[in-house]
Amino acid sequence: MKTPGARSPKSETRLKPGSRPARRPKSGERTGVVPEDLLELRYVGRPYISPDGRQIVFSRRHVGDKNEYVSDLWMVDADGRSAPTPFTNGGRDSQPRFSPDGRSVAFVRAREKEKPQIWLIAASGGEARVVTKFPEG
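Residue 1 is where the sequence shown starts when you use the numbering used here, and the numbers rise one by one after that.
Don't take each hint at face value.
The list that follows gives simulated cross-link-like pairs (lysine-lysine, BS3-like), each with its CA atoms no further than 25 Å apart [unchecked claim]:
hint	residue 1	residue 2
1	K66	K113
2	K115	K66
3	K115	K133
4	K133	K113
Just so you know, these hints were derived from the structure itself, not from any lab.
Construct all of the structure, not just a fragment, from the sequences and the given hints.
This is the structure in structure tokens:
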């Protein structure tokens with residue numbers, strides 16, 4: 001549990017006045033961060049560990065080709081030995097949760113021009129299916 005008002009080491013990191021964050025392009029030269037770089041960021045969130053502790057499912061969000069957020073689910077082994085792999089490709093998938101037995105993953109999918117609904121997919125992969133049809137999402 002975090003103590004209220006406590007600071008993490010990251011919160012103590014400060015840039016020096018006049019400095020700019022830098023990135024290294026393929027050429028190796030340093031360049032400043034430009035606004036367009038924000039479109040390339042990938043945001044990872046909502047990690048959820050399987051009941052047996054072996055896998056982690058999480059959402060990954062980025063700006064898509066139509067200048068709107070795209071969010072898919074990704075899966076990774078909890079031991080860190082393998083790279084994360086795409087798990088869904090619905091375009092607006094979020095808030096994953098393993099079922100108590102670990103065989104399925106429930107998540108929210110917000111299809112274009114439809115209200116968000118709860119979907120279910122086998123933890124081993126496959127086709128997701130909608131399990132709710134709430135009029136208001």
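Taking the hints in turn, this is what the structure says about them:
1. K66 with K113: 15 Å, holds
2. K115 with K66: 20 Å, holds
3. K115 with K133: 9 Å, holds
4. K133 with K113: 14 Å, holds
No hint from the list above goes unmet by this structure.
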